[in-house]
Amino acid sequence: MKPDVSLAVAELANRLRTDLLAELTGFRANVAAMGAAMLDMVADEWDGAVARLVRENRAFRALLDQGAALYATPAPGGDDENLRVSALTAENDRLRGAITDLMARLEDDASAPAQALLDAIWAELARTVNERRITSANF
Amino acid sequence: MRDLTETALETYLAAKMPDWRDIRVTGLHRLPMGASRETFRFDLAYASDAEGEQSLKVILRRDPPASNVDSDRRHEYEAYRAIYGHGIPVPRMILLEEDASHFDGAISLAEDLRGYHNSEYQFQDPAWADRLPHIAQQMWTTMGKLAAVPVEDLDLSFTRPATRENTAQQELDYWVASLDAHDIGPEPIIRAAIRKLRRWYPVATKLALVHGDFRAGNFLYDDAGDLKAVLDWEMAHCGDPLEDLAWSITRTFCFGKNDLRSGLATREQAIRLWEEGSGMKADPEALAWWELFICVKTQAIWNAGTHVWATGQGREIIHAYAAWWLRNAQDKAALELMGKL
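Those sequence lines, one after another, are chains W and V. Just so you know, we're using this note's numbering here: the first sequence kicks off at 1 and counts up by one. Just so you know, we're using this note's numbering here: the second sequence kicks off at 1001 and counts up by one.
It should be emphasised that the hints constitute simulated quantities derived from the structure, not laboratory data. Beta carbons are placed, not taken as given, at the ideal position from N, Cα and C, and that holds for glycine. Among the clues, some could well be false.
[What the hints assert, rightly or not] In silico negatives: residues of chain W with every beta carbon more than 12 Å from chain V:
#1 M1
#2 P3
#3 N14
#4 E45
#5 P74
#6 G77
#7 R94
#8 A110
[Stated by the list, open to error] Partial selection, computed: residues in chain W whose CB lies under 7 Å from chain V:
#9 M38
#10 M41
#11 Y71
#12 M103
#13 L125
#14 A126
#15 A137
#16 N138
#17 F139
The whole structure should be built from the sequences, with the hints applied where relevant.
Have a look at this one:
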């Protein structure tokens, strides 16, 4: 889509705030303000969402592969052939579920390989949180 | 849900209050307050033999069919009534109607304290900068005073019973059940936080009426920054007063996007003010537990709002907005508290 979607959505949010919000009061003004803020978030996410999800999914699969090797369990499998955000998000959820289970197992395993893998998972989760941070976030 | 109208309210009140005559409802409009309940304001006039001519400013809250917080009108109504007259300023309750057939949801009416502010965003306005220390003092010492109110003096029959020993686990169980009931996908960070919390539970120094949502945005203050009333008690319960302190200092409520908690004071300043107001010490280990617990509770609330959308039970913009805005920040806050950021 041209003009650039992030640019257009951000400008729409700006117009909502500067032109329309002043004409509204109370509950309606609040809904318009939230709408503008949500458009800002869409502008934040639009261009990078697919790249972020694919990177996350690859990183989670690599970590799960290590877990599979450590405990002689099946590898997570899966792929990112379908690049629709909904499909990538569904795969991301599947992998996050497997990561959740692996973390619980690693927490009860004091061996050095297990703790090293747990540290690597924490580092990846911290990276994903920082990459998902929106501009308007309080933290 | 059907629209609330002045005529519908007049008709309802005439039937509900047979002693009232000449009932007039004017100026009804919805306010941008309360993410979990609809909030309206109106003027009410009536006459009765016992009271003569009456003119009231009224707040109406209505339960929606589905919300991000599993509460109801009676719960909040009784919470207000429980604390009213015990040194914590709150509006007076007027009427509770639990029969949802009248307005497509239970409603409550309360005294409307007008002419004050309640915006957490106003604290970011440079014109208010010099009043922030005073507002912080008002907020956290009031919270401390709430902690100090003896629960034996309050009628807390509206909420789940608790003991000093079981309140931490009971609250965690409650909000984990909410997370499970409103599952919107795996939460590796919050699930790790839950496992960590389950390894040790703090014992409360004393039981208190916990407000459950005591933060900037949920109290009224005047131009001088004096706190005039504490609002939004729908999550009130008997528990450990450190829960309120932990809630108020969580990172997602740093509305200035800096280190000021609730946009008002540093974590250390907030704790000191709370201790001044309560006369208690905030045990660091216990407070740390409650701060991580707050990440679970808040994420459960943001997820419940998302679940309402996902299941088609509601379409309140604020539920989608809050989830988009806060869920990742809540994960980040949990990581920080677990030393993993």
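Checked hints:
Chain V leaves M1 of chain W outside its interface by the beta-carbon criterion, the shortest separation being 21 Å against a cut-off of 12 Å. Every beta carbon of chain V lies more than 12 Å from that of P3 of chain W, the smallest distance being close to 24 Å; the non-interface claim holds. For N14 of chain W, the condition that its CB be more than 12 Å from all CB atoms of chain V holds, with the nearest at approximately 17 Å. With a least beta-carbon separation of about 9 Å from chain V, E45 of chain W fails to lie farther than 12 Å from that chain, contradicting its non-interface assignment.
Every CB of chain V is more than 12 Å from the CB of P74 of chain W (nearest about 18 Å), matching its label as outside the interface. Every beta carbon of chain V lies more than 12 Å from that of G77 of chain W, the smallest distance being close to 17 Å; the non-interface claim holds. For R94 of chain W, the shortest C-beta to C-beta distance to chain V comes to about 8 Å, within the 12 Å cut-off, and the non-interface label is violated. Consistency note on A110 of chain W: stated as away from chain V, and its beta-carbon is indeed over 12 Å from all of that chain's, at 15 Å minimum.
At a threshold of 7 Å, the smallest CB-CB gap from M38 of chain W to chain V is about 6 Å, leaving the interface hint in force. For M41 of chain W, the suggested interface contact is upheld, since its CB lies about 5 Å from the closest CB of chain V, less than 7 Å. The interface hint given for Y71 of chain W is broken, as the beta carbon of that residue sits about 17 Å from the closest beta carbon of chain V, more than 7 Å. About 6 Å separates the beta-carbon of M103 of chain W from the nearest beta-carbon of chain V, less than 7 Å, and the hint is met.
Given the 7 Å rule on beta carbons, the hint for L125 of chain W holds: about 6 Å separates it from the nearest Cβ of chain V. At its closest, the beta carbon of A126 of chain W sits 6 Å from a beta carbon of chain V; the interface hint therefore holds under the 7 Å criterion. At about 5 Å, the closest approach between the beta carbon of A137 of chain W and any beta carbon in chain V falls short of 7 Å, and the interface hint on this residue holds. Hint on N138 of chain W holds. Least Cβ distance to chain V is approximately 5 Å, under the 7 Å limit.
Checking F139 of chain W against chain V: minimum C-beta separation of about 4 Å stays under 7 Å; hint holds.
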